[in-house]
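Just so you know, the sequences run in chain order X and U. Reading the first sequence from the start, the letters are residues 0 to 193 in numbering that gives the first Met the number 0. Reading the second sequence from the start, the letters are residues 0 to 193 in numbering that gives the first Met the number 0.
Be aware that one or more of the hints could be misleading.
[Stated by the list, open to error] Where chain U lies over chain X, by a calculated footprint (3+ residues, C-beta under 8 Å):
{"no.": "1", "segment": "57 to 69"}
{"no.": "2", "segment": "107 to 115"}
{"no.": "3", "segment": "141 to 155"}
It is worth saying that the hints were derived from the structure and are not from the lab. Every residue gets a Cβ at the ideal spot worked out from N, C-alpha and C, and that includes glycine.
Below are the chains, spelled out letter by letter.
2 protein chains.
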Amino acid sequence: MKLAKRCELELPNWVLPFVAEWKQPLDTVDQRMALAVALSGANIDRKTGGPFGALVYDEQGGRLLSVGVNVVTQAGMSLAHAEMVALSLAQAGLADWNLDAAGRVQLVSSCEPCAMCFGAVPWSGVRGLVWGARRQDAEECGFDEGNKPVDWRESLERRGIATRADIRREDAVDVLKRYVHSDGAIYHPESKRS
Amino acid sequence: MKLAKRCELELPNWVLPFVAEWKQPLDTVDQRMALAVALSGANIDRKTGGPFGALVYDEQGGRLLSVGVNVVTQAGMSLAHAEMVALSLAQAGLADWNLDAAGRVQLVSSCEPCAMCFGAVPWSGVRGLVWGARRQDAEECGFDEGNKPVDWRESLERRGIATRADIRREDAVDVLKRYVHSDGAIYHPESKRS
Numbered sequence: 000m001k002l003a004k005r006c007e008l009e010l011p012n013w014v015l016p017f018v019a020e021w022k023q024p025l026d027t028v029d030q031r032m033a034l035a036v037a038l039s040g041a042n043i044d045r046k047t048g049g050p051f052g053a054l055v056y057d058e059q060g061g062r063l064l065s066v067g068v069n070v071v072t073q074a075g076m077s078l079a080h081a082e083m084v085a086l087s088l089a090q091a092g093l094a095d096w097n098l099d100a101a102g103r104v105q106l107v108s109s110c111e112p113c114a115m116c117f118g119a120v121p122w123s124g125v126r127g128l129v130w131g132a133r134r135q136d137a138e139e140c141g142f143d144e145g146n147k148p149v150d151w152r153e154s155l156e157r158r159g160i161a162t163r164a165d166i167r168r169e170d171a172v173d174v175l176k177r178y179v180h181s182d183g184a185i186y187h188p189e190s191k192r193s
Numbered sequence: 000m001k002l003a004k005r006c007e008l009e010l011p012n013w014v015l016p017f018v019a020e021w022k023q024p025l026d027t028v029d030q031r032m033a034l035a036v037a038l039s040g041a042n043i044d045r046k047t048g049g050p051f052g053a054l055v056y057d058e059q060g061g062r063l064l065s066v067g068v069n070v071v072t073q074a075g076m077s078l079a080h081a082e083m084v085a086l087s088l089a090q091a092g093l094a095d096w097n098l099d100a101a102g103r104v105q106l107v108s109s110c111e112p113c114a115m116c117f118g119a120v121p122w123s124g125v126r127g128l129v130w131g132a133r134r135q136d137a138e139e140c141g142f143d144e145g146n147k148p149v150d151w152r153e154s155l156e157r158r159g160i161a162t163r164a165d166i167r168r169e170d171a172v173d174v175l176k177r178y179v180h181s182d183g184a185i186y187h188p189e190s191k192r193s
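Go ahead and model the full structure; you've got the sequences and the hints to work with.
This is the structure we're talking about:
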């Protein structure tokens, strides 16, 4: 077997035009979450991935740095959660793996991060993490959030990363439920094993 | 600012020729670790990233599926740890995010996974995780391993992912020490904040 040398994370074609047409302000955390949740909903409407959306915002400069949606099945990469896509695209746009160099940068996600995305947050240089739906909301819909430390949220705070939960939680949960009721695939290896 | 639509994970140019010239067998875990550790050492000799190497191996089919090295600084992506690169390239080679579909697949890493890579393991479909250097070895050299659950190893076993530690640990630690003694950059956001 020939070994692969490269792979790509790419947003579905609809995403950047969708963001360009988003005329609402992004000045507040609530406004930013409205976009993240709208991305999660559009991702299932367009059938390009799971019901998760995220964005990276520079609070100091007042500018959107990137957006992400879950593209695990489309990209064929298990790491392609919305948060990982948004973080990587923000770093690509700035040509710097350390987002802290760009200002005071916040990751906004429609759902509480899974164990992988939680672990990725400190390495990215963001100073803030905001989420909508809670872990239990995702799990009630059948998603696996993985194993995080009991004090995962405090561990981020100790690293200087401010956290805020429950922003537009109901809107975010509505998208999760809509996905499950539409028989959206809950993909994870275990489900194929049993 | 124009938002990025895509980004790429790519191995340094020396890696695949290095693997092609590796004539030693990969039949045992110890033999596979020898290659992972050799990749970690070559990555610092070539100055293409941090002292970490990994590979993905199909134990059922007896075939190497991918290799990875840490390319955080070269790729400009904080997620580009050796394990994430190896998992993603194995998935790219197989055109499937679920490695469990390919056989009985093992991730071999020169070092115990950080919090992010630990969280990524269950999503990838691997059935085994093997590492060389321990967390404490990496931390003694100044690396930040992040916050994992106290029972992180057992949590993988509960998911049907077999774990093995301390494979060629001394060889792996030698590379970590060699990197630090050569004044290799320990990159993480906190170090730039202080």
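Outcome of the hint check:
A stretch counts as covered by a chain when three or more of its residues have a beta carbon under 8 Å from one of that chain; for the segment 57 to 69 of chain X and chain U the count is 5, and the coverage holds. Only when three residues or more bring their CB closer than 8 Å to a CB of chain U does the claim for the segment 107 to 115 of chain X stand; here the count is 3, and the claim holds. Only residues whose beta carbon comes within less than 8 Å of a beta carbon in chain U count, and the segment 141 to 155 of chain X has 9; three or more means the coverage holds.
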